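Guided by the hints, dock chain W onto chain V, whose structure is given.
Read top to bottom, the protein sequences are chains V and W. So the numbering used here is basically just the index in the first sequence, starting at one, shifted up by 310. So the numbering used here is basically just the index in the second sequence, starting at one, shifted up by 423.
I should point out that these hints are in silico values taken from the structure, not numbers from a laboratory. The model shown is predicted, which means the values in this text are computed figures rather than measured ones. Beta carbons: idealized from backbone N, C-alpha and C, even for Gly. The reader is advised that the hints may include incorrect statements.
What the hints assert, rightly or not - Here are the simulated distance ranges between beta carbons: (1) V/I421 / W/K663: 27 to 35 Å; (2) W/E651 / V/K431: 53 to 61 Å; (3) V/F370 / W/K663: 17 to 25 Å; (4) V/S312 / W/L459: 31 to 39 Å; (5) V/M577 / W/L533: 30 to 38 Å.
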Amino acid sequence: MSFATEFISMIIVASIPLLLATVGEILSQKVGNMNLGVEGMMLLGAIGSFLTVYTTKNFFLGVLVGFLSGLAGALIYGFLTISLRANQVVTGLALTTFGTGVATVLGADVIGESVAEGVSKWSASIPIPLLSKIPVIGPAVFSQNIFTYFAYILAILAGVYLYKTTFGLNSTAVGEDPAVADASSINVSRHKYVLTLIGGGFAGLGGAYMSLIYVPSWTKDIITGRGWIAVALVIFAKWNPYYAILGATVFGGLSILSAWTNLSQSMTYIIDALPYLVTVIVLIFASISKSRKTGPKSLGVAYFKEER
Amino acid sequence: MSLQLIKRGRVALKNQIIIKLAAVVMAFAAIAVFLLFMKQNPLLVYKEIFTGSLSGAYNIRQTITKAIPICICGLGLSIAYKMNFWNIGAEGQMMIGAIGASIIGIFSPLSGPVGIVIMCLMGMIFGGAWAFLTAFFKVKWGTNETILTLMLNYIALKIVTYLQYVAWKDPAAMGFPKIADFPSEIRLPSIFGINIGWLIAITLTVIIYLYMKKSKLGYEAAVIGNSEATAKYIGMNTTKTILITIFISGAICGLAGAIQASTVNRTLSTDFTQNAGNLAIIVAWVANLHPILIAVISVLFAALIQGSDTIQMSFAISPAISEIIQATVLFFVLGSEFFLKFRIKMRKHTGSKEEVKA
Numbered sequence: 311m312s313f314a315t316e317f318i319s320m321i322i323v324a325s326i327p328l329l330l331a332t333v334g335e336i337l338s339q340k341v342g343n344m345n346l347g348v349e350g351m352m353l354l355g356a357i358g359s360f361l362t363v364y365t366t367k368n369f370f371l372g373v374l375v376g377f378l379s380g381l382a383g384a385l386i387y388g389f390l391t392i393s394l395r396a397n398q399v400v401t402g403l404a405l406t407t408f409g410t411g412v413a414t415v416l417g418a419d420v421i422g423e424s425v426a427e428g429v430s431k432w433s434a435s436i437p438i439p440l441l442s443k444i445p446v447i448g449p450a451v452f453s454q455n456i457f458t459y460f461a462y463i464l465a466i467l468a469g470v471y472l473y474k475t476t477f478g479l480n481s482t483a484v485g486e487d488p489a490v491a492d493a494s495s496i497n498v499s500r501h502k503y504v505l506t507l508i509g510g511g512f513a514g515l516g517g518a519y520m521s522l523i524y525v526p527s528w529t530k531d532i533i534t535g536r537g538w539i540a541v542a543l544v545i546f547a548k549w550n551p552y553y554a555i556l557g558a559t560v561f562g563g564l565s566i567l568s569a570w571t572n573l574s575q576s577m578t579y580i581i582d583a584l585p586y587l588v589t590v591i592v593l594i595f596a597s598i599s600k601s602r603k604t605g606p607k608s609l610g611v612a613y614f615k616e617e618r
Numbered sequence: 424m425s426l427q428l429i430k431r432g433r434v435a436l437k438n439q440i441i442i443k444l445a446a447v448v449m450a451f452a453a454i455a456v457f458l459l460f461m462k463q464n465p466l467l468v469y470k471e472i473f474t475g476s477l478s479g480a481y482n483i484r485q486t487i488t489k490a491i492p493i494c495i496c497g498l499g500l501s502i503a504y505k506m507n508f509w510n511i512g513a514e515g516q517m518m519i520g521a522i523g524a525s526i527i528g529i530f531s532p533l534s535g536p537v538g539i540v541i542m543c544l545m546g547m548i549f550g551g552a553w554a555f556l557t558a559f560f561k562v563k564w565g566t567n568e569t570i571l572t573l574m575l576n577y578i579a580l581k582i583v584t585y586l587q588y589v590a591w592k593d594p595a596a597m598g599f600p601k602i603a604d605f606p607s608e609i610r611l612p613s614i615f616g617i618n619i620g621w622l623i624a625i626t627l628t629v630i631i632y633l634y635m636k637k638s639k640l641g642y643e644a645a646v647i648g649n650s651e652a653t654a655k656y657i658g659m660n661t662t663k664t665i666l667i668t669i670f671i672s673g674a675i676c677g678l679a680g681a682i683q684a685s686t687v688n689r690t691l692s693t694d695f696t697q698n699a700g701n702l703a704i705i706v707a708w709v710a711n712l713h714p715i716l717i718a719v720i721s722v723l724f725a726a727l728i729q730g731s732d733t734i735q736m737s738f739a740i741s742p743a744i745s746e747i748i749q750a751t752v753l754f755f756v757l758g759s760e761f762f763l764k765f766r767i768k769m770r771k772h773t774g775s776k777e778e779v780k781a
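Bound-form chain V, shown alone (with noise of 0.2 Å):
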């Protein structure tokens, strides 16, 4: 395999995680609700699946409860936001904190410890025909393990679910202004609801492809990160799901250069704040310009239907 087939290939694998966090939080926010526990959500996902894996030496199952892990901590979240009103910052932030401490406590027992021999070969490439023959680009990214697809899958039917279907449509709405949505009969709470707890499953699935695909041990800094670089590339590509996916890729590729590439020590630490400093520019500037889009209007803020 050629250097740049690896590298670009290698980009890709340090993405996924990015992307699913990413999609996950867009879905979240483009409901109104601002959920800050990405980084704890993705632990939980991360330790959900990977003690699923090394006791059951099930891949699938292991994935189904990151994806779930993943998602509980959005239920914490949600009932708080949205049945109970609470603070959507505060809230958020406790997630972080929790999915910490639930990781660093129940994986204990497992550091240092691998995906079972078996499990291992589903992060094997399966090359899809015809595609992955085109030269050094076919076999970076045509030639990918099988959840790396699924997770590309997933951000293109949230663009489709947001952008082509009533529902997703109505959804956007109660983003926007729940109390318009709720006087055309959109069940606001079930909205919300639903795409906070899928936006958490999707960040504990980018936790998973963390400890299965990626590392693949338990480590307790599994994550460092990752979940505030996903709520940054959320305000990069404009509560998008395509973009998100460009996004992912621009911010996966930062994250691994400064190990591929022959660069002074100064130039490294600068590379590692890019994701940050790039986010802040992007939100300087949407807020600049107002004419851009500065993401869905209600966000951050609990609906009460009797105010209405």
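Structure of chain W alone, referenced to chain V:
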């Protein structure tokens, strides 16, 4: 039958405290279930957390030392939150403040009481300036301060990482990536075996209390927190108030960073904050932004952390259990606020439509 929510008016302080205490009790009950699932006796674990943090002079000193940065940052954040300005950047402001303090403490010949004062002032100016950046973009273009302060935390962390591994790496450390220690002459002195940060924290608690209750700036910030439109309508210079308040907010967090790095950690490193800036957010919130409660709850949270550090020795359980406890307590307190804000009324479905709009 269906449920209907009705907004409550002000709830008496006594009832607020009862509801919140009930939430804390329920949180500990929930964690007890988790501990049972981990095959631990929750009562023994709780007892160990208590004795490991609040019995014996050594443990109490450790607990207070841990409470100092949480309390100071919590106070700093509270004045921003009163204004409804979501500064979640205490971690970053602590780090940048500590960089300012290092310039004086490590790289200047200043020392003694004068040096310590100048070092702390530098910490405040640096931390304040870092927070001011966000406030500037917020008042100028309405940039979302939550995400901005959050991102600036990570940028601050990368700056400290760069300083530790490259620019300020101590040549005397034989290749080990660390910054030189603060000389002992520039560390804060101790009273009762605890660095005088505790005196600073208590003084600040009183100052912030007076600031919120008596000062014009504190009053204006509270009005803006309630409604920025109202504040503008009655002729307040909201831009000025926001910029000054957030500078002070960041400066207080910067002070916490200066104390923590110079005196407790004794050098600037990537992990010197011990997550105090993030804990302060939780503490400020649980305390309902009340300065005295912030001080008390900081000590309780610090006790939880200190106690959890000690349970590792007697039980096969990670000290990270303290993170689970912190988060669970916060979940229950957040949930309990619902019952302070709303009343639930059962309603039969026979009434006219008008009844729905309470």
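Evaluated hints:
1. Between V/I421 and W/K663, the C-beta spacing of about 52 Å breaks the proposed range 27 to 35 Å.
2. Between W/E651 and V/K431 the Cβ separation comes to about 58 Å, which falls inside the hinted range of 53 to 61 Å.
3. Checked against the given bound of 17 to 25 Å, the beta carbons of V/F370 and W/K663, roughly 59 Å apart, lie outside it.
4. Between V/S312 and W/L459 the beta carbon distance is about 56 Å. The supplied range of 31 to 39 Å is therefore violated.
5. Distance hint check: the CB atoms of V/M577 and W/L533 are about 34 Å apart, consistent with the given range 30 to 38 Å.
Of the hints listed earlier, those the structure fails to meet are numbers 1, 3, 4, in rising order.
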